[in-house]
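*Asks:* As given, the protein sequences belong to chains A and B, one line each in that order. Just remember that this note's numbering sits 6 ahead of the position in the first sequence, which is counted from 1. Just remember that this note's numbering sits 6 ahead of the position in the second sequence, which is counted from 1.
Because the hints were derived from the structure by calculation, they are not lab data. These numbers were taken from a predicted model, which means no experiment stands behind them. One should not assume that every hint holds.
Identical copies look the same in the list; a pair holds intra-copy or inter-copy alike.
Stated by the list, open to error - Straight-line alpha carbon distances no greater than 27 Å define the calculated DSS-like cross-link-like pairs of lysine-lysine that follow:
#1 Lys71 <-> Lys325
#2 Lys336 <-> Lys396
#3 Lys325 <-> Lys356
#4 Lys162 <-> Lys210
#5 Lys280 <-> Lys255
#6 Lys210 <-> Lys280
#7 Lys476 <-> Lys325
#8 Lys210 <-> Lys255
2 protein chains.
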Amino acid sequence: MAKINQAACIGGGVIGGAWAARFVLAGIDTRIFDPHPEAQRLMSEVMANAERAYEMLTRAPLPVKGTLSFSGSIEDAVRGAEWIQESVPERLDLKRSVLAQIDAAADPKALIGSSTSGLMPTDLQRDMKHPERMFVAHPYNPVYLLPLAELVGGQKTTRAVLEDAKVKLATIGMTGLIINKEIEALVGDRLLEAFWREALWLIKDDVCDAETLDNVIRYSFGLRWAQMGLFETYRITGGEAGMRDFLSKYGSSLSWPWSKLTDVVDLDADLVEKIAVQSDAQSGQRGIRELERIRDQNLVGIMQALKVGDEGRGWGAGKLLAEFEAHLWKTAPTLRANPSNGALKLLELKVPAAWIDYNGHMTEYRYTQCFADACDALLQLIGADIEYVKAGHSYYTVESHVRLLAEAKLGDALYVKAQLLPSDGKKIHTFMWLYQASDETLLSTYEQLMLHVSSKENRSIPPLPEVMRKLKPLIEAHAVLPAPDAAGRSVGQRK
Amino acid sequence: MAKINQAACIGGGVIGGAWAARFVLAGIDTRIFDPHPEAQRLMSEVMANAERAYEMLTRAPLPVKGTLSFSGSIEDAVRGAEWIQESVPERLDLKRSVLAQIDAAADPKALIGSSTSGLMPTDLQRDMKHPERMFVAHPYNPVYLLPLAELVGGQKTTRAVLEDAKVKLATIGMTGLIINKEIEALVGDRLLEAFWREALWLIKDDVCDAETLDNVIRYSFGLRWAQMGLFETYRITGGEAGMRDFLSKYGSSLSWPWSKLTDVVDLDADLVEKIAVQSDAQSGQRGIRELERIRDQNLVGIMQALKVGDEGRGWGAGKLLAEFEAHLWKTAPTLRANPSNGALKLLELKVPAAWIDYNGHMTEYRYTQCFADACDALLQLIGADIEYVKAGHSYYTVESHVRLLAEAKLGDALYVKAQLLPSDGKKIHTFMWLYQASDETLLSTYEQLMLHVSSKENRSIPPLPEVMRKLKPLIEAHAVLPAPDAAGRSVGQRK
Chain A
7 MAKINQAACI
17 GGGVIGGAWA
27 ARFVLAGIDT
37 RIFDPHPEAQ
47 RLMSEVMANA
57 ERAYEMLTRA
67 PLPVKGTLSF
77 SGSIEDAVRG
87 AEWIQESVPE
97 RLDLKRSVLA
107 QIDAAADPKA
117 LIGSSTSGLM
127 PTDLQRDMKH
137 PERMFVAHPY
147 NPVYLLPLAE
157 LVGGQKTTRA
167 VLEDAKVKLA
177 TIGMTGLIIN
187 KEIEALVGDR
197 LLEAFWREAL
207 WLIKDDVCDA
217 ETLDNVIRYS
227 FGLRWAQMGL
237 FETYRITGGE
247 AGMRDFLSKY
257 GSSLSWPWSK
267 LTDVVDLDAD
277 LVEKIAVQSD
287 AQSGQRGIRE
297 LERIRDQNLV
307 GIMQALKVGD
317 EGRGWGAGKL
327 LAEFEAHLWK
337 TAPTLRANPS
347 NGALKLLELK
357 VPAAWIDYNG
367 HMTEYRYTQC
377 FADACDALLQ
387 LIGADIEYVK
397 AGHSYYTVES
407 HVRLLAEAKL
417 GDALYVKAQL
427 LPSDGKKIHT
437 FMWLYQASDE
447 TLLSTYEQLM
457 LHVSSKENRS
467 IPPLPEVMRK
477 LKPLIEAHAV
487 LPAPDAAGRS
497 VGQRK
Chain B
7 MAKINQAACI
17 GGGVIGGAWA
27 ARFVLAGIDT
37 RIFDPHPEAQ
47 RLMSEVMANA
57 ERAYEMLTRA
67 PLPVKGTLSF
77 SGSIEDAVRG
87 AEWIQESVPE
97 RLDLKRSVLA
107 QIDAAADPKA
117 LIGSSTSGLM
127 PTDLQRDMKH
137 PERMFVAHPY
147 NPVYLLPLAE
157 LVGGQKTTRA
167 VLEDAKVKLA
177 TIGMTGLIIN
187 KEIEALVGDR
197 LLEAFWREAL
207 WLIKDDVCDA
217 ETLDNVIRYS
227 FGLRWAQMGL
237 FETYRITGGE
247 AGMRDFLSKY
257 GSSLSWPWSK
267 LTDVVDLDAD
277 LVEKIAVQSD
287 AQSGQRGIRE
297 LERIRDQNLV
307 GIMQALKVGD
317 EGRGWGAGKL
327 LAEFEAHLWK
337 TAPTLRANPS
347 NGALKLLELK
357 VPAAWIDYNG
367 HMTEYRYTQC
377 FADACDALLQ
387 LIGADIEYVK
397 AGHSYYTVES
407 HVRLLAEAKL
417 GDALYVKAQL
427 LPSDGKKIHT
437 FMWLYQASDE
447 TLLSTYEQLM
457 LHVSSKENRS
467 IPPLPEVMRK
477 LKPLIEAHAV
487 LPAPDAAGRS
497 VGQRK
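The shape of chain A in the complex, shown without the other chains:
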């Protein structure tokens, strides 16, 4: 895929800063221009959140981080950038002038995306000399986790630019949905605005308070929409009778008094105060940063759950995550390099929320998952990857032994080292150690035996030569290492 080598973010607030974090974590050098006096502090907070989330989100090998720097001018920020993202406040005159400045200083081939939530690209690109490469790329907060950008071109934008943008977004884990018709507020914000206006009426009319309304959403259709959206959900509701029948039945309710949106609510000072008080009652006991952490942890958990939806093939945002991980595995430079002669460092991760038990510690089977994920990394390293499995060969774990020596907590940075014990390739015998990165505390050890199998013949056979070629030097290099103390232990054995 066409990788971006350098990016620029003009505007580094909640949205622009999170774009920058996404670029940097995808290995892209990124320059920010933002005249806000606190821009650097805010950016460092967004970056910390984003890094914490990514280390929980995926065990695929993230590239070496790009550099992040602040520029003193728009001209300096955009020089050499291949993707420039404008995220300044939502005022047409301001955005036009900023885009004209970007346009004048940028490489004429650089892509220029605007994060606007509702201004039209035709209006935004009016004063540009190279308007054909300017488009709306509308993301959703938190931009570093949510994988959507709505892509909309103006009258002067070329289709090729939108297609190119879509390809480039995939390399940073986002999907670009090209919207063919230019409208105010895009698709997402149109839907959100209708929903928001109805919600305001419900609060204004004292039908419920903010917390009840949120609970209604997150205990019911929010759980459906996270995976299937609106129409696919209703297709199921229609059941055997089908979508046409469902729509015909539903049609009549359009004339019922089920929405107040033929009137526009007045969000006056009283209503603002009412909602603010209710929101304080609902969420005020937690700070914004704490809420952000909880939101991000939940997003990580939901996306990981959906990654195995549809019987292991991934569903919705989880499918996008699986595709991004496949991209990361393919492009990871470390896998091409020769391993060192010592024990291999196979995996680094942070402990996600979903791994914590009611003791507040990482739960037992997640230790095994750390080692199983490390084992996946080892198999990638020797070429026994997903393509190899699809072609009919695989390594299966047949036996393992774990010692749990110390506890890990939410957010702890961990890593796994591995050593091959005497192995012939048809069998691979490994020993692994799980450490706390901060102080090198040994948390756990793992001894494991894998067998190479032909899934067609359903029996153990030697690996294909291409795998043996990579595995053999590893086995030989590790043959000279001392045997780990705990290798060969049985459960409860005295030292």
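Given the coordinates of chain A, assemble chain B onto it according to the supplied hints.
*Replies:* Here is chain B on its own, set in the frame of chain A:
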């Protein structure tokens, strides 16, 4: 909690049938009245889906299923029922007449809930002799998984009835949100209707197709709403500036042309056809039952992910699941019974989608999870439960050995048996077997050593007497059992 012993479902379609499934799985004998010629077939399909989902959803001990039967009349169905749920088609005259029939035949103290999506309880209860116990209990599809019922009383409904309904719903894993003001369409359907109307405009105006619209939702705000709803999400968007500042800024967009809902869309035959064709293109390659399975698997995954949100304390629907599981553990009758003298059957489950790897098999660390969950069941059995942990004592696994002997696939029914090896209580040494329920294939064995610890003193101490009292007879009963062949194995050891 005030358990329901007998329930009746009047109307057994998509909604009524799923209510029935929820009752039955919570151990409640349930009678259905539905004159539809295919009612029994449809119910058996809903029940199969619900059972499949529940066995994936939780490893907490579900009670013995209630009996499910069909009645030939409303009178027969409601006799003796403590909760009667009306889910007949959405016509005021029909619902009124059905509710009057229910009212006349039911125990005067029985609760009567209506599943209506929009009719007002005051209108529904008009002809009833005991209207004070009638209310709207509006669920969301699939009712057996989504935990919300909006509770709304009519003018004659008493508050005590709504409070009682809320308590009873908790025993079947649902949360009843009491809505204080009676309106058409309730809170959820008002929000859905506004959203739906805006979506229809977007399709009618060719801004996007149904699949793109669904993707916009499920790649962005759907993921947010599954956990935090609307206001809490926007509170975070407001960031450090706070909710008041955010609302003031957002207010101006209400006057922008960001919604078309001051007009009502005409869902005429052309628009119905257009959406149906787009929906076929998006989802037509899968049948309704397949889509239902995928939806349910994803819901299970999302709810399980949220169960450990907020650092192990649960968040949103996951918090509700955790509360339901705590209720199940407390009320599980099997835990009160004396264990048999042979190996203990500790756990039954079905393999959920989230446990499948890219080979299509249950992935390695989920075997360990089966045993860890079985171990939790054992600890519950001897009284080392969550309260015991909160009071400062716990058993920690320090060492384990797993053999993986055969594969499990999505949806397979599995169970775990366990035997205690010689143990003094301060140490518990166990051996467990994981079997396929269908043909008794042995899939895996597990040997484990646990230590009892004082979390305050951070050292191993003997268990409290109340635990030892339950544990000792088990240890003694198992002392006479033969030692399992594989006990004491090290990895790769010859037999």
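*Asks:* Among all the numbered hints in the text so far, which are the ones the structure does not match?
*Replies:* 7
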